[in-house]
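Enquirer: Protein chains in written order, with my numbering: chain A, 1 to 498; chain B, 1 to 498.
Since the hints were made in silico from the structure, they are not lab data. A portion of the hints provided could be inaccurate.
As the list makes no split between identical chains, a pair holds if one copy fits it or if it spans any two.
[Said to hold, decoys possible] In silico DSSO-like pairs for lysine-lysine, Cα to Cα no more than 30 Å straight-line:
1) K311 to K414
2) K264 to K414
3) K388 to K367
4) K397 to K290
5) K134 to K261
6) K22 to K134
7) K435 to K21
8) K71 to K397
9) K453 to K412
10) K412 to K297
11) K290 to K134
12) K349 to K76
13) K21 to K423
14) K72 to K211
15) K251 to K111
16) K297 to K145
17) K486 to K93
18) K490 to K423
19) K108 to K217
20) K134 to K349
21) K261 to K412
22) K181 to K388
23) K134 to K21
24) K134 to K414
25) K145 to K290
26) K450 to K486
27) K72 to K297
28) K264 to K349
29) K74 to K397
Computed from a predicted structure; not experimentally measured.
Each chain, letter by letter, is given below.
Protein chains: 2
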Amino acid sequence: MAGGKKKKEVKKETGLGLSFKKDENFGEWYSEVVVHGEMIEYYDISGCYILRPWSMGIWEIMQVFFDAEIKKMKIKNCYFPLFVSSSVLEKEKDHIEGFAPEVAWVTKSGKSDLEIPIAIRPTSETVMYPYFSKWIRGHRDLPLKLNQWCNVVRWEFSNPTPFIRSREFLWQEGHTAFATKEEADEEVLQVLELYRRIYEEFLAIPVIKGKKSEMEKFAGGLYTTSVEVNKGHGRGVQGATSHCLGQNFAKMFEINFENEKGEKGMVWQNSWAYSTRTIGVMVMVHGDDKGLVLPPKVASVQVVVVPVPYKDADTQGILDACTATVETLSEAGIRAESDLRDNYSPGWKYSQWEMKGVPLRIEIGPKDLANNQVRCVRRDNGSKSDIKRDNLVEQVKTLLDNIQQSLLDAAKQKRDASVQVVKTWDEFKDALAQKKMILAPWCDEEEVEKDVKERTRGEMGAAKSLCSPLEQPELPEGTICFASGKPAKKWTYWGRSY
Amino acid sequence: MAGGKKKKEVKKETGLGLSFKKDENFGEWYSEVVVHGEMIEYYDISGCYILRPWSMGIWEIMQVFFDAEIKKMKIKNCYFPLFVSSSVLEKEKDHIEGFAPEVAWVTKSGKSDLEIPIAIRPTSETVMYPYFSKWIRGHRDLPLKLNQWCNVVRWEFSNPTPFIRSREFLWQEGHTAFATKEEADEEVLQVLELYRRIYEEFLAIPVIKGKKSEMEKFAGGLYTTSVEVNKGHGRGVQGATSHCLGQNFAKMFEINFENEKGEKGMVWQNSWAYSTRTIGVMVMVHGDDKGLVLPPKVASVQVVVVPVPYKDADTQGILDACTATVETLSEAGIRAESDLRDNYSPGWKYSQWEMKGVPLRIEIGPKDLANNQVRCVRRDNGSKSDIKRDNLVEQVKTLLDNIQQSLLDAAKQKRDASVQVVKTWDEFKDALAQKKMILAPWCDEEEVEKDVKERTRGEMGAAKSLCSPLEQPELPEGTICFASGKPAKKWTYWGRSY
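Looking at chain A on its own, in the form it has when it is part of the complex (with noise of 0.2 Å):
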């Protein structure tokens, strides 16, 4: 907008931009954008971190989808205490190994110590199973399906992130029970499929299914699925997971029921779970060195508008088209809001809305009045347009959807670019020294993975399998191991986690 750009008289122009790149500098650009696009503050309990309202509403829009799904599939909510005592925590030992490091431990309460200590759940296998074991009695029990929606310790210390790895967060962790591995196996891919969704359909970022290694598999599951985003540099992030459990569980926590023929059975569990971790991957995949690119479907105010008032211009008259489109366009369902704050100039605004990742600015000057039109500014792309205020909710709505398949398009493009098909260890090597994620024939023996990690150990973390895809391409008859020369089972990702 020519009125825009010349009254450049700012007033407050101070603490605006950002001072990384995120190219140059991504840990740095990261946790600046996080805290100036106002999703984050930093707490001053190193590792936790204070959710605003500009990431919560995001939280807010999966969840609805997300509980109302899972409602479909006849799972319910509940809610287990935040308090596990150590007896009960330690009862599946491979489990209570991959979690123990990181236990927060309660010991007093006002000036009196406890009797016995006891833990703050890091997740609710523990908590919840004694309890299943005494609510299921026969097959009509069955199947059992709970869910809960709350916060979760693990007391990290390498490395505390926002959103990724964060000493607290909020998650749904679902819990069932059925008769038959069948029905768990079937119930896994259903909820992976949720997930898929909530990352592509919502945050607008591709993911691969796929099936964990022995290794990188849930402590004291059968099996894990989960979806895997590539971050870009090679670096895979677990976006979220769904386990089937087996019968160990049911074993340790003697879940059993008497099927329709009187005989004694032991139930097949699941558990899955996905975090406001999705919010940080959202923040990495898509932003830029101006802010936070929010996708559409999940952003509080999808559409800003601001008055681009002119020396001579109908101020008045500005202001009211500005309020007449918010209107129109929240009638519609689109989530609009105008800022009409005297004391910053329009460009001003512009960086700060930029800044927060708003997918579409409408900008409104005194040209734009006398043609009945708006001016539209895209936040992925920056392009503009001029739509007639006749046509707006229609043209707005296709601009919105336009945003949302670009932001996944771009990303599924930049996803393939990296990742590399290898066959042997030597391209292997190569691949990733140049960052990739890798895409390998793999003998799937629990040896190799821990020689790969071995082999590979070194200041940029060693590599590691990010899950076999569910999708496998072929495999032809002969295809050896990367690794180790065997023959290979399974196309396998590689690469360093985040």
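Place chain B on chain A using the hints.
Expert: The following block gives chain B in isolation, referenced to the frame of chain A:
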């Protein structure tokens, strides 16, 4: 019906029915009804309880209502950490004194001692307000209106009771800051009205909106308003509270702003909360010797449809009619379920659904099938009526509305009958002995309340002020305080707290 009554070959008649009566042994009755009604499971850590889907469903329905209402008020959701450092927790002295004995402390992670112990939030004033101080600079940052849905921990030792006094509970806590006291005052009452609506419109429980005495107000605040429930036997339950904090926390946490004229000011703050206690109050008010009685507006299942097959009758026809009935009701937005289990008799099913408090039972037997009708049985008063299937939805809706209203009316009648107006100390003592809730003219002096407590000490617990109703009856000139003989300033409710 006839069929159901005759066919009494019950396969599993065990475990149903309550062993305690509400009027005879209230405490035991309550513990039993929340467990048998499948609201609660006792947990292996004392004072912690599992909220089963049957109670979470009630919580979720209230949450959807309240969350939408506060969003209309431009209050935004956020999430602050579970943990608070001791230095911050202890910043406001009166406040921490109120909570200190109940604070749970984390002192270890894994096998390591933390450098300094970290508290688990008993409430979040001190967690949040350092950041209010950071975020609020000028008058344009005001009002700041936040809310969070979360768990809090108060490690109480006295008489833990499911929902009512538990060591961990779920709640929402709103925290807002304004430029002026007028705005804060207004919001306190707006929120109090939402709490009244939760109790009266959803839980069918009449409440008194009132103001707390100086002794009973929130530690560190300016004044506290509440909705008070009379649970009978002269005992009041604080239903939910809306506090004006004044400028006390603002002073401690330096929450200042510059107004339009460039002058420094201090914000006025409120905080307000309701918790899962609401559900316990509902159980106490409506439950009876057959179990829970759920108001239709909050019941996860509003209508249960039970087939009543008879030996020579068209069993499949009856089952189909049940399924069709549920479908018709569900399509109309009524939460209905059928109970087609073939290993329980109709009578056993009736008892179970009565125990769980489902508001309306529909029975379909051969006669009903022949007459194209269903039999409706109300949970609240046991009354029966036959309704034509052509007209099902409309009549069921009317019945559910009637049940909702009847529950409120009955609770009001009981409440009104148990309130006694007194003017003298002797009348007060008599009314207290008769387990009445007492309305008395009071001088509103803290010393006098202390004195009342002292003088009424006993095994039933001392009397205390519950609230001064916002709607005051007329107080004629010259009325004197029931306890001190000084001039009375207001009518105040007194009783024992539950």
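Enquirer: Each hint should be assessed against the structure and marked as holding or not.
Expert: Do the hints match the structure? See the list:
1. K311 to K414: neither (45 Å within a copy, 69 Å between copies)
2. K264 to K414: The answer is neither: 52 Å in one copy and 51 Å across copies each exceed 30 Å.
3. K388 to K367: within (12 Å within a copy, 66 Å between copies)
4. K397 to K290: This pair counts as within: shortest intra-copy Cα distance 24 Å, inter-copy 55 Å.
5. K134 to K261: Within one copy only: 21 Å inside, 66 Å across.
6. K22 to K134: between (52 Å within a copy, 27 Å between copies)
7. K435 to K21: within (19 Å within a copy, 71 Å between copies)
8. K71 to K397: both (29 Å within a copy, 24 Å between copies)
9. K453 to K412: This pair counts as within: shortest intra-copy Cα distance 28 Å, inter-copy 70 Å.
10. K412 to K297: within (18 Å within a copy, 46 Å between copies)
11. K290 to K134: between (55 Å within a copy, 24 Å between copies)
12. K349 to K76: Only across copies: K349 and K76 sit 21 Å apart there, 44 Å inside one copy, limit 30 Å.
13. K21 to K423: Classified as neither: same-chain Cα gap 35 Å, cross-chain 75 Å, threshold 30 Å.
14. K72 to K211: within (25 Å within a copy, 44 Å between copies)
15. K251 to K111: between (40 Å within a copy, 28 Å between copies)
16. K297 to K145: For K297 and K145, both the intra-copy (29 Å) and inter-copy (24 Å) Cα distances are at most 30 Å.
17. K486 to K93: neither (32 Å within a copy, 69 Å between copies)
18. K490 to K423: So K490 and K423 pass the 30 Å test inside one copy only (12 Å; across, 86 Å).
19. K108 to K217: For K108 and K217, only the inter-copy Cα distance (27 Å) is at most 30 Å; the intra-copy one is 35 Å.
20. K134 to K349: Answer is between; shortest inter-copy Cα gap is 21 Å, intra-copy 58 Å.
21. K261 to K412: neither (51 Å within a copy, 52 Å between copies)
22. K181 to K388: neither (58 Å within a copy, 45 Å between copies)
23. K134 to K21: between (55 Å within a copy, 26 Å between copies)
24. K134 to K414: Answer is neither; intra-copy 50 Å and inter-copy 38 Å both fail.
25. K145 to K290: between (44 Å within a copy, 28 Å between copies)
26. K450 to K486: within (15 Å within a copy, 84 Å between copies)
27. K72 to K297: both (21 Å within a copy, 21 Å between copies)
28. K264 to K349: between (67 Å within a copy, 26 Å between copies)
29. K74 to K397: Answer is between; shortest inter-copy Cα gap is 25 Å, intra-copy 33 Å.
Checked against the numbered hints listed earlier, the structure breaks hints 1, 2, 13, 17, 21, 22 and 24; every other hint is satisfied.
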